[in-house]
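Colleague: Read off the chains here:
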Amino acid sequence: MKHSTLFDIISPIMIGPSSSHTAGAVRLGLLARNIYKNMPEKVVFKLYNSYAHTGKGHGTEKGLLAGVLGLPVDDRRIKDIFNSDIAKQIEYKFEYEDNFKRHPNAVDMVFYGKTNMFIAGDSVGAGEIAIRKINDFNVKLTGKYNTILLVYKDIPGMISQVSSLLQYHNINIASLLCDRNAKGQQASMVVSIDGNLQYDMLEALEEIPGVYFVSYIEKLGN
Amino acid sequence: MEFNINTFEQLHDICISKNKTIYEIAQENMARQAEITVEEVRAFTNRSLFAMKEAIQAGLASRELSMSGMCGQDCWNVQQHFRHDRAIFGKTFEKIITYALATSEENIRMGKIVACPTAGSCGIVPSALIAVSEDYDKSEREQINALITAGEIGRIISVKVALAGAVAGCQAECGAASAMSAGAICQLMGGNVSQVLNAMALAMKNLLGLTCDPVAGLVEVPCVKRNPFMAVHSITAAELALAGVKSKIPPDEVIDAMEQAGALMSPTLKESSQAGLATTKTGLEVQKQVFG
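Chains as they are written, first to last, in the numbering used here: chain V, 1 to 222; chain A, 1 to 292.
Okay, chain V solo, but in the shape it has when bound (with noise of 0.2 Å):
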């Protein structure tokens, strides 16, 4: 079990009222947009079960969209985002439901632009997230660390690459998580690492023989 931290306990500086509720929402919105790279041209949020209930009295709704927008959590534009300027750079659109099967605080994130993505997460209590889903790919990523994200073709032998490679630069690796769609298809791989990953050997990572794609999702601030 992890145990927080003196500073966990005495921050964070946030805007309110709920940590889960507005705090998380705001860190999803950071981590997916770290995740999409681009500015999206839209998004679809959908909330579900507590989020979709209970989001409009918590302003759920308003910290996701700033989060996608690049807002920490203690800026004060927050509350006023859907009349903001910058609000104005994207279209958005809100949808609810409830499901039992997801998590109390779920969303969903669908990001459209030069390429769509899929984005799935959940609030997990105290500001704490958690983003479960990329695309068809089952992951886990917390905004906590520099997380490297790979697909791949599913052949033996990729962890052990992608392993030896970021030994050969002395970088620990925090967690590992491997997911695929079906055996010898696409794969994908969440590599969690203390410090960070200097970008040339994102190329090196990119030119693995059966990688098809390399993403670098950097660590939230707060």
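There may be inaccurate statements among the hints.
[Stated by the list, open to error] Below, in silico cross-link-like pairs of lysine-lysine (BS3-like), each with a Cα-Cα straight-line distance of 27 Å or less:
hint	chain 1	residue 1	chain 2	residue 2
1	A	Lys288	V	Lys56
2	A	Lys160	V	Lys140
3	V	Lys140	V	Lys114
4	V	Lys56	V	Lys101
5	V	Lys219	A	Lys112
6	A	Lys281	V	Lys56
7	V	Lys37	V	Lys140
8	A	Lys112	V	Lys56
9	V	Lys56	A	Lys225
10	V	Lys93	V	Lys46
11	A	Lys288	V	Lys144
12	A	Lys288	V	Lys93
13	A	Lys112	V	Lys93
[As the list claims (entries may be wrong)] Now the in silico label distances, taken between C-beta atoms and shown as ranges:
hint	chain 1	residue 1	chain 2	residue 2	range
14	V	Asp80	A	Thr282	26 to 32 Å
15	V	Asp194	A	Asp137	41 to 47 Å
16	V	Gly70	A	Arg47	18 to 24 Å
17	V	Asp80	A	Ala263	39 to 45 Å
18	V	Tyr96	A	Gly209	50 to 56 Å
Hints were generated in silico from the structure; no laboratory data involved. Beta carbons are placed, not taken as given, at the ideal position from N, Cα and C, and that holds for glycine.
Dock chain A against chain V, hints included.
Modeller: What follows is chain A alone, placed relative to chain V:
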């Protein structure tokens, strides 16, 4: 040398054997853990302290309602009242309850606050700490010492009980905040290690079983007005501890009892708004007005 401190007894023993205060041990451990200096730990704490003061000032000046319209003007009304009729317990008492309302109303109108430990309980530690510091001329250094003490108390509680209403009811949010505040005030007024921990235990002991049953599922009723109650409660605990009163049940055993009370509490009373105040006749009517 790193100390892995998970109980109040361990914290107490290390403080005594090293002849150090709780905040000294806590800031050194935090620095080692985050690989930063003690000065950086104190700078982080000072940023939270500053944001707490800003939230109080913003809250004192506002009459804006929350999004639901349920809350947002009590702080203003209480201030008007105190202009003509002074509080029975004097100026510091007036400050504590107005500062607590100011902060928690600022929270529900989407203002900027410090979750300490949570957003719903954000008014408790700041109101007691800052009101007492103002009226007893406590320096910024002493205020930081007290806030680190509060944080260390919250951290050790959270080792056993997650600080979330959904896990253990409001005893784990406003209750924990009040226990943290009791320790902070005791530290601020010169209490020793044992007195600080007894203040924590006395505050917590008298809040066991506190439910989380907010109307319409929002952090407003009873949360906003619960903040001044819990802040004042923490002063009672600090005063008793400073006078040498001890909790018959030791601090760690109080937290064990809190954990048990949280586990035994019906899920309907743990942030799900399925019982208690949320399902009273008026609670349900308000919910209908807010969400249709």
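Colleague: Please write out, lowest number first, the hints stated earlier that are contradicted by the structure.
Modeller: 11 and 18
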